[in-house]
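Q: Work out the full structure: start from the sequences and follow the hints.
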Amino acid sequence: MSESKARCFRHTSIVALLALVGALNGLIRDLNHRLPSRGRGKKQQLSALQESIQTMVELRNHVISQAIHQRPRDVAPEIRLLVFEQLEKWILNYDEEFAENKYFRYFGMALYDKRPEIRAEALTMIQKCLVATPESGNRMFLFLQFFAGRLVEMCGDVNMRCAELAIRVMVLILRVYGEEAEGKEILDNEMIDRVLLTLFDERPSIRHEAGVLLRAFIDSRVPKDASNGVAYQKAAMELLCAFSATLRSQYGEVMPERYLIDALYNPLQELPPFLENYGSMLDFVLSDDALEVVVGLGFVAALLEKLRCKLYLGPLPKEDRRQGIVKKLPPNKQEVIDALVTSLSRDVGVLLDGVLEKHRGDVAILSGVSAVIAAMEFKAFTSLEQVARINALMTLMRKATAALPRCEEAHLNQITCAWLGFVVEDHPLKSAAKGQIQELLKQVLKQLSALQKGKKRSESQLEEKELFHVWGRMSILSSIVSLVDQWDLLKASILRYTNSSTSPELLRLILSTCMRCVLWQLKVEQEAADSLEAATTASQMIGEIGNVHLQKYGKWTRRDKLKNFTLLPVDGMVFSAISVALRCYTMSQMEQDVFLGNSVSCQVF
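If you want my numbering, it's the 1-based position in the sequence shown plus 40.
Simulated from the structure, these hints should not be mistaken for lab results. One or more of the hints may lead you astray.
[Stated by the list, open to error] Under the rule of at most 25 Å between Cα atoms (straight-line distance), these lysine-lysine pairs were calculated in the BS3-like manner:
no.	residue 1	residue 2
1	K358	K368
2	K439	K373
3	K154	K168
4	K368	K419
5	K45	K154
6	K398	K439
7	K531	K505
8	K493	K531
9	K439	K470
10	K486	K439
11	K505	K486
12	K470	K563
13	K531	K486
14	K474	K505
15	K482	K531
16	K493	K505
17	K474	K419
18	K142	K168
19	K474	K350
20	K358	K439
21	K154	K358
22	K470	K350
23	K470	K482
24	K142	K154
25	K419	K470
A: Dropping the structure here:
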């Protein structure tokens, strides 16, 4: 009946057979415990009991080999799951008889099963066996060695439960085998690196499990003579920074430190000692090597963001939204975190001006310093010496921004966040920061005016890179202060540069600057809702730039230069959509027709 074509018969018979084997297992163990000690007059009794036990063992093995053996391959998932559940119980409860490779190998099939609950059952068995069974590491060696590649693959399983369990199994393997995991050819560095890439998973639960694995990996690599104290913290931080540098150089990750900090630290748990005692982190900030400085700044910025609940890694997936909810901390724990934020902000803040001076002109380091500035607590600077260092930092930031070359959009955004960090929160240095911004605005407008005059005198002598430099700075300023009083200059620029020879990246910088200028004016309108003049000004600005955009949009989407740069038509379409949605602006019938045509072009593009 266990091989019947009818699923109901197979299911019923296998339940009965599994119960029979379970009963035989219990009876065999009880009889083994009741075996009398060897002595005079007990030889015949001992022989009879041993013969009975052997008969039961043969019966059990016969049932397993003839009936149960094929059921892990049954087409019915509920039958497969039932068999694996019972096998797990036997391995855990009767480890002397069942914790062997010939029974472990059944779970190798389960690791490849298409049903997630069966894959999870196999991973649960491995996890429980490694934790509960004393000699499980040696007994499972061949099984783990053979299926190590599959376990690594399952760390990226589409099912979140399976992925979590697979990463936990990897953690246990590292803890059971330690440094011998690589020597015994169970896990090599390449496998561990593949698993650690789950640190960048979009699901917070997976990232946190990967953080536990990262801690276990660090502990397995730190020398035993540095297992605690300052030596451990330094060695752990060096490993962490080396891993981050590898992620940047070999995998092209932009800010891996943010994901590493998010994975390593859960606000409801204790902060790892090598992060809480951040001295080793600051040593990297003061390094002479540019990559080490970038990595150190990245860790400091990410830690401050995490401690201040400002670390954002994108929208949460539907299946893991609960993990993204930040729970309110107890008052005593919040006080400890606030003290750490103040201390770290103060200690790193007074170093930043020296870092900028030492690595003058390095955009990556400027971006890293900007990330730290955006995350710092400025109320931490109370002494005259500290205030003087921050004032020097603001001056250097102004000079660096005024001389900023063409760079990636991520760097522009980070520098913008730094200036916003100076002026958004209330602190004693806010007025000084506003003064630096006004001085920066004067410098950049002077640069733009010089370019405009030079363009009129000799168009061929101006290189496009100079325009990129200035408009990158203008893009930063448009996010910090209102440029409404410079609207004529901005409008003239977008009219002048919307030609076939202008780079689409440059057009996008100009368009985004104008869009932000319009949004600043709309903010004024909202604050003074009764002012007809403000509403008229905003509507007029949208109309002026909108006409240019509607006329040129079709040409933008057909240009050969846009084959590898699609952000210009996308941003243009966003601006059109915003204009349509605003109540202060009404499109004419002709503009509506052009807008609909552009919408179709954008979809095709």
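Q: Tell me the hint numbers this structure goes against, listed in increasing order.
A: 2, 14, 20
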